[in-house]
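**Q** Start from the sequences and build out the full structure, keeping to the hints where you can.
Sequence lines, in order, name chains A and B.
Just so you know, the first sequence maps onto residues 0 to 226 in numbering that gives the first Met the number 0.
Just so you know, the second sequence maps onto residues 0 to 222 in numbering that gives the first Met the number 0.
If you're looking for bench data, these hints aren't it; they were derived computationally from the structure.
Just so it is clear, the structure is predicted and the values come from calculations on it, not from any experiment.
All clues stand as given, with none of them false.
Within a straight-line C-alpha distance of at most 30 Å, the following computed DSBU-like cross-link-like pairs (lysine-lysine) qualify: (1) LYS139/A with LYS179/A; (2) LYS104/B with LYS99/A; (3) LYS25/A with LYS84/B; (4) LYS179/A with LYS51/B; (5) LYS99/A with LYS44/B; (6) LYS102/B with LYS53/A; (7) LYS84/B with LYS91/A; (8) LYS141/B with LYS53/A; (9) LYS25/A with LYS104/A; (10) LYS44/B with LYS179/A.
This is what each chain is made of:
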Amino acid sequence: MSEEVKVFGFWCSPFSRRVELALKLKGVQYEYIEEDVFKNKSPLLLKYNPVHKKIPVLLHNGKPIAESLVILEYIEETWKANPILPEDPYEKAMVRFWTKFADEKCLPALWKAGWSPENEREKAVDEACECLKTLESALKGKRFFGGETVGLVDIAANFIAFWLRLIQEATGQELLSAEKFPDLFKWTDEFGSCSVVKESLPPRDKLLAFFKARVAEAMDAQTNASK
Amino acid sequence: MEEVKVLGSWPSPYGYRVQWALELKGVEYEYIDEDLFNKSDMLLKYNPVHKKIPVLVRHGKSIAESAVILEYIEETWPQNPLLPKDPYERAMARFWINFVDNKDKAAPIVTFFIGVGEEHKKATEETKELLKILEEQALGEKKYFGGDEIGMVDLAMGWMAYFGVIEEIVDVKILDAESFPRLHAWIQNFRAHPVIKSNLPDHDKLLVSYTQKRQMFLGSTTT
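**A** Written out as structure tokens, the structure is:
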């Protein structure tokens, strides 16, 4: 009996890419459905995630699950190959703690720092760098947050390894430099060079163009606001 | 000897979640109450990243973040399980804990407590919408969020058990038996559970504490 696994995502979302990465790591076949999240969410998406109306949604044998980190825990429990969580309950707790930190603290701080207006920038950048420094301390010289293999924290921090670099290129602002964060910078290379990770990333040029367009939009808005 | 310590700060529902989980599983622990305006060296040592409660300490090792602590407790002491066995049901439980812990989603409840005027009116309506989702989609026809027995989601919803005090202070009633019959029934069942009953904050003390907190916020926003 073949299992029906579907992923509802958006091409540039790090959240739906997390889900795809976990499935690929575990060798699970799935069907990907692209949602037009800005203009035209499908009736299926609204049916499968009525509470948040967002991607990603994982559909397994007709049953939907929303929220990327909840989906990742489900994937780990359902498909046992290549575990992304350790066995020891304390070590597991540490992984969950850092996953939450990356997701709830780092991502919003980095996003804010990337797009904040001039007058708020310094403070936002300071906060973002604090987050990066703290997250880096969780690496402890390991190749990945998960040790020798990609684990849950690595997957949750995917934004930092790929999206952040392109935001930096588009805005001309450097947050994650090799000088300031040598271990974390090295990790972005290690993570990004895994073949299964490469398969789970949006096309570089398309994403860079997307961010450059946002920068242009933001600048127009600022110019118009100061007129 | 187990030697489990819990750092909490009365009347935080996040701290209570951890205590309820341990009590439900019959695990002995030492409770240490923190003054969040004067954090102890112990708290700063055991939660250097966030400097917040709750923290669980066992065998000298600490775990922070209540949702993370609850999962640890569940795995370490499997008796009286707080999560279902089926992976899909577990995902649903984690989804609802995530929902109620999401700061953006929960923001209206905070404004309901400390807001005034138009802002407060808007927050009241938004809080009602939130409660509707919880009643219809999270609780449904079940006795508890966890089904026939209290589960992890019930512990995460524990703040509702003393939401009445907030309603008293702002003098607006939303969570009544007519508007939210199932949630209202849940509150009665939850509060009556033998383990929860003996681990609930005292009403009168809560009234004083929350009134002071509200004054503090109102005072800091008036010019």
